[in-house]
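Below are the chains, spelled out letter by letter.
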Amino acid sequence: MNIKSLGLELHNLAKRLWPINRSITGEGVRKTLLILKELNPELSIYEVPSGTKVFDWEVPREWYVNDAYIITPSGKKICNFKENNLHLLGYSIPVQKKINLKELQKHLYSIPDQPSAIPYVTSYYEERWGFCLTQNERDLLEEGDYQVFIDSKLFSGSLTYGEIFIKGSSDREIFLSTYVCHPSMANNELSGIVVSSYIANWLSNKKDNRYSYRFVFIPETIGSITYLSKNIKKLKSKVFAGFNITCVGDNRDYSYLPSRNGNTISDLVAKHILKYTYPEYKSYSWNDRGSDERQYCSPGVDLPIASIMRTKYGRYKEYHTSMDDLVNVVTPDGLLGGYNITKLAIETLENNKYPKINVLCEPQLGKRGMYPNVSTKISSTEVNLMMNVISYSDGYKSLIEIADLCKVPIWELYPIIEKLIHEKLITMLDEKESF
Amino acid sequence: MNIKSLGLELHNLAKRLWPINRSITGEGVRKTLLILKELNPELSIYEVPSGTKVFDWEVPREWYVNDAYIITPSGKKICNFKENNLHLLGYSIPVQKKINLKELQKHLYSIPDQPSAIPYVTSYYEERWGFCLTQNERDLLEEGDYQVFIDSKLFSGSLTYGEIFIKGSSDREIFLSTYVCHPSMANNELSGIVVSSYIANWLSNKKDNRYSYRFVFIPETIGSITYLSKNIKKLKSKVFAGFNITCVGDNRDYSYLPSRNGNTISDLVAKHILKYTYPEYKSYSWNDRGSDERQYCSPGVDLPIASIMRTKYGRYKEYHTSMDDLVNVVTPDGLLGGYNITKLAIETLENNKYPKINVLCEPQLGKRGMYPNVSTKISSTEVNLMMNVISYSDGYKSLIEIADLCKVPIWELYPIIEKLIHEKLITMLDEKESF
Amino acid sequence: MNIKSLGLELHNLAKRLWPINRSITGEGVRKTLLILKELNPELSIYEVPSGTKVFDWEVPREWYVNDAYIITPSGKKICNFKENNLHLLGYSIPVQKKINLKELQKHLYSIPDQPSAIPYVTSYYEERWGFCLTQNERDLLEEGDYQVFIDSKLFSGSLTYGEIFIKGSSDREIFLSTYVCHPSMANNELSGIVVSSYIANWLSNKKDNRYSYRFVFIPETIGSITYLSKNIKKLKSKVFAGFNITCVGDNRDYSYLPSRNGNTISDLVAKHILKYTYPEYKSYSWNDRGSDERQYCSPGVDLPIASIMRTKYGRYKEYHTSMDDLVNVVTPDGLLGGYNITKLAIETLENNKYPKINVLCEPQLGKRGMYPNVSTKISSTEVNLMMNVISYSDGYKSLIEIADLCKVPIWELYPIIEKLIHEKLITMLDEKESF
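Residue numbers (the working numbering), protein chains in the order written: chain A, 878 to 1312; chain B, 878 to 1312; chain C, 878 to 1312.
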């Protein structure tokens, strides 16, 4: 596939998903998952009934919206949900009444210092109704009576999520999670859905996966908690690495956020690949967290989940507003960068074995045509690198660690490893040699 | 109690103890302990006979002084012990004779570059007599015959020390040691005695101590060696933290000196509280030691004793001279600072448990009114801090370590912990969870 | 022995060995070893037959050279092996023919940017012949027919090496290795041979060695591989420290190259002594290696071998050319420095025990005359250092570690340790106390 066109393909999928009114439950999630299933037919869709106890939480009622808007005193229709689903406060209860401006103001949300942005606001766990609009629009509201109309429904339905499982040679799993609860916003969070879908597609077409892969498309927080409450035992026994896929669509930066203790293989991989592809990447601390790693890495859950992002949630001005769009924020190049860095992380995990030299002392490379047979004053960088790899192949150091010791990215070692395997000089161990 | 007046109270006790002629044995120690017993009636006084073997040492003879002075050729009485007990070299043997200036000079001690200070000099382990005086006074001595008179006695008596034990819920102990062998000097060492006495008083009036407390008031070096030789087994089995209380009375600085290996809970507490109360505090190394930690942390003894001081012994110009007084060096504010930092160390130890979250994943805080129920772009610092505490409450990290991870002093976590306990969301473990 | 004259003696031995045509096998090695045996009669000489399998390698055929030169078209004899053995490419096969300049050029080696240096070139593992000459000489070669003459022989003989074993009180061994395969070059590598010989001589005359010593004089790479293949089991069970002795003859620098994992006692010693004798020494990484540590530290062999050098191989412009001589590069002072630093490393290992104090608490030093018996404001540096040593003598810290904690070189502690042993205050443990 042409690389340039892959970025466009990702962007096109994001555009198609853009208008859907996603929330933590409801039709928007189902519509989104059905579209994703086109690319990954193995996607399974699960429904968990409202009221189900999930750890300290409970699956909430399902939310349905038919229409919502306000009629101004002068008869203009504003805050029209059908024009932009951000206009309606998420999980608004139904309402239909005439109120004056002062009363209305209590239900309006805008951002004074971003006057042309509609904010993204929700109230999942307290009954409430409201509208979101730009500060500019709000400043123009005239005195008088306003007709507010929200045709919504909160009812005992279910929480919906999707899961893709791709079996590899080993039943050890790499876990990837993204979230489907955000309405019309692009970096946070259409980018994660789109990149995850294409990564799943790539992996399921690739027939030689060493590890098994589990992707989940869930609503944030309540979704990961629900999913964990049903699957924690399996995840804790199988998952040895993973990533929370979020904010992977803008072309401005790369970022890393660690797992809780910061010392998992996922952290090692993230830091290694970012160091060699985008050395000026931003490194955050666990205190800066804010997505589903909060659940996956919580005490007692402790899954090895790190985040590799483009520009992190909360760290760009368009975040959680209507400005987080597919024009100025998320671009084909931005999404392609998010896709590529995720793919690189997975390739690195797939290749990260423990090389062990099969002979004592240095092997005689000359007789294999792998070493210059006339001595020279200065040996070549290539030969030096190969000798370093051989020297570190003690069965205790992973290939990532060896690459770090050699001060090169792991992928520069692949041709060397291939040659050494071909010459039967090294064995690649799946696990670190036990002492 | 009014805080300001507590500083004055401490200072008044120091003033009352000032004139007593303390040494490593003798009446001065006994008088001092009897005064301290007024504030802490539970103080027990012990006598260990001269000649008792204590590890590599032997309890020395007891020293008694009735009077001591010199009569100059012109009939003036100088170096009058009754005016300032520093005039007499500590442990001077009795003497009564007429000698010329040249002979006298061999027995005089002064400090050329601190010409108005009387130095503090002792000779515990070699028989000797001498007088200490200012360089200014010494420079004026005329030629001629001097009458020296020391009415002292060295005899088989005992070494005296005091001990206060305050029982807490647990029989694990916090050990505090200070020394009663210094005559009329203030920072080193009336301050330690005074601060320790008031800390003991505070703890014995407080009825909810988690730990037990053991205070000792001993002569330096020989006292701690004697005390250890009698109690080492008990101390090693019970004491898990402690401090050597010395130089806690001037208002100029704060200082920390580590235990021998620098990695005990006492060290952690000292560094944590100083970092947040006086970030520019001085941090010394074990090589800079000079008080009873030399015994408590010696190889094989290895008690977890650190020092939190104001200005460290040997690091202020008035040290070990008559200038180390209750006017220019030790002040009510200085003593109050010493008291407060010691109290803070103890409160920190009392509060330092291992929080463990009772639920898997983040708890639903909204339903408990602990979380904003409308989403906003930026979450508050208070909520963030609570979420961080929850996230680190894995039963393996102490509250001090969690505070360090959150980059706040431990006391900022107390209201959060209280709320989380009240909501039954965390359990406070006394010990780190075992893996 | 006069120190100055020792440098000259080392230099004289190097001069005597200079003209011999050493290679990885053959008469040159045997002649060299016989000369070394004069100084160390206990040197044993071993022969390993050509064709012997040694790990992944095979002992090569033996090489013998009688004569070699080129006659130019104008009848001049150039590249005369008898004038400088570097003129002949190492392991050249015999040849005797007339060829034109163009054909000859394919067999000539020179260094364009070092036009007056004859390079050192070998071809051990591929049959080849060639001559090495200065670029200046090469540039003057006229067109025409050249008579090339190499009277050499490659035949099934043996590889020769020498070994000196010096028995100490313990059968734990310190291993020192140097190489005898380089023809007329001085720093790399007559210096290692000469320094090792004199160190062996010193040790074998010294009657009180704590450890046993094993020196090997081998050809580089194939020699260490051969030696290891015969002795690995013994070495792995006995050797606890060691050094590869190379490039120890110039007076320009000191350098350290670590063992593979950089954490052996040999590494600790090397860094400690260089820090205090030549603080600006160069510290290399394992990636910079290039001598027999490549074999001794290879995975599965893992002997504790570090290198303490003067200027490292490959890091001086004369390296592997005729300019690496006994005039401008290697000097008596340079060799003496190499000898002294190696001796210091050995003395440090011999002295590196684990002091353990015999009493609890500080000992009473006054009664032993080891402590001032009048107190003073400032205690002396000497007394402080002794008190620090006592304080760290817990049986868990080696004397090197204690010296590092005291911020002094280990040799400053020897008189203190001696005094403390004499006073029966410490016991020197051979091994770290087990917990």
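A hint or two may mislead.
For identical chains, the list gives no copy identity; a pair is met inside one copy or between any two copies.
Said to hold, decoys possible - DMTMM-like cross-link-like pairs, simulated, lysine to aspartate or glutamate; straight-line CA separation at most 25 Å:
no.	residue 1	residue 2
1	1152	1165
2	954	980
3	1113	1310
4	1233	933
5	1284	1144
6	1244	1300
7	1284	1165
8	1110	1271
9	1233	1165
10	1274	1179
11	930	1020
12	1230	1179
13	1148	1281
14	1159	1281
15	1284	1307
16	1274	1289
17	1284	1259
18	1309	1179
19	1194	1259
20	1111	1022
21	1296	1202
22	1244	935
23	1274	990
24	1194	1040
Keep in mind the hints are simulated off the structure, nothing from the lab. Just so you know, these numbers come straight off a predicted model, no measurement behind them.
Hint-by-hint comparison with the structure:
For the homomeric pair residue 1152 and residue 1165, the shortest alpha-carbon distances inside one copy (20 Å) and between copies (23 Å) are both at most 25 Å. In this assembly of identical chains, the alpha carbons of residue 954 and residue 980 lie at most 25 Å apart only when taken from the same copy (18 Å versus 94 Å across copies). When the C-alpha separation of residue 1113 and residue 1310 is checked against a cutoff of 25 Å, the pair qualifies both within a copy, at 23 Å, and between copies, at 19 Å. Taking identical chains as interchangeable, the C-alpha atoms of residue 1233 and residue 933 lie at most 25 Å apart only when they sit on different chains, with a minimum of 15 Å there against 47 Å within one chain.
In this assembly of identical chains, the alpha carbons of residue 1284 and residue 1144 lie at most 25 Å apart whether taken from the same copy (18 Å) or from different copies (22 Å). With identical chains, the CA atoms of residue 1244 and residue 1300 are at most 25 Å apart within one copy only, with a shortest distance of 11 Å there and 64 Å across copies. Only between protomers do residue 1284 and residue 1165 lie at most 25 Å apart by alpha-carbon distance; the minimum there is 13 Å, versus 29 Å within a single protomer. For the homomeric pair residue 1110 and residue 1271, the shortest alpha-carbon distance between copies (18 Å) is at most 25 Å, but the shortest distance inside one copy (34 Å) is not.
With identical chains, the CA atoms of residue 1233 and residue 1165 are at most 25 Å apart between copies only, with a shortest distance of 21 Å across copies and 39 Å within one. For the homomeric pair residue 1274 and residue 1179, the shortest alpha-carbon distances inside one copy (24 Å) and between copies (15 Å) are both at most 25 Å. For a Cα distance limit of 25 Å, the shortest separation of residue 930 from residue 1020 qualifies neither inside one copy, at 46 Å, nor across copies, at 96 Å. Within a single copy, residue 1230 and residue 1179 get their C-alpha atoms as close as 23 Å, and across copies as close as 21 Å, so both meet the 25 Å cut-off.
In the homo-oligomer, the alpha carbons of residue 1148 and residue 1281 lie at most 25 Å apart both inside one protomer (11 Å) and across protomers (24 Å), since each shortest distance falls under that limit. For the identical chains of this complex, residue 1159 and residue 1281 are neighbours both inside a copy (19 Å) and across copies (22 Å), given an alpha-carbon limit of 25 Å. Only within a single protomer do residue 1284 and residue 1307 lie at most 25 Å apart by alpha-carbon distance; the minimum there is 23 Å, versus 39 Å between protomers. In this homomeric assembly, residue 1274 and residue 1289 come within 25 Å of each other (Cα to Cα) only inside a single copy, at 17 Å, whereas the closest approach across copies is 40 Å.
Within a single copy, residue 1284 and residue 1259 get their C-alpha atoms as close as 13 Å, which meets the 25 Å cut-off; across copies the closest is 42 Å, which misses it. With identical chains, the CA atoms of residue 1309 and residue 1179 are at most 25 Å apart both within one copy (21 Å) and between copies (17 Å). In this assembly of identical chains, residue 1194 and residue 1259 lie within 25 Å of each other by CA distance solely across copies; the values are 22 Å between and 46 Å within a copy. Taking the shortest Cα distances, residue 1111 and residue 1022 never come within 25 Å of each other, neither inside one copy (57 Å) nor across copies (81 Å).
Taking CA atoms no more than 25 Å apart as the test, residue 1296 paired with residue 1202 passes in neither setting, with 47 Å inside one copy and 40 Å between copies. With identical chains, the CA atoms of residue 1244 and residue 935 are at most 25 Å apart between copies only, with a shortest distance of 11 Å across copies and 68 Å within one. Taking identical chains as interchangeable, the C-alpha atoms of residue 1274 and residue 990 are never at most 25 Å apart, the minima being 52 Å within one chain and 41 Å between chains. In this homomeric assembly, residue 1194 and residue 1040 never come within 25 Å of each other (Cα to Cα): the closest approach is 32 Å inside a single copy and 64 Å across copies.
Checked against the numbered hints above, the structure breaks hints 11, 20, 21, 23, 24 and satisfies the rest.
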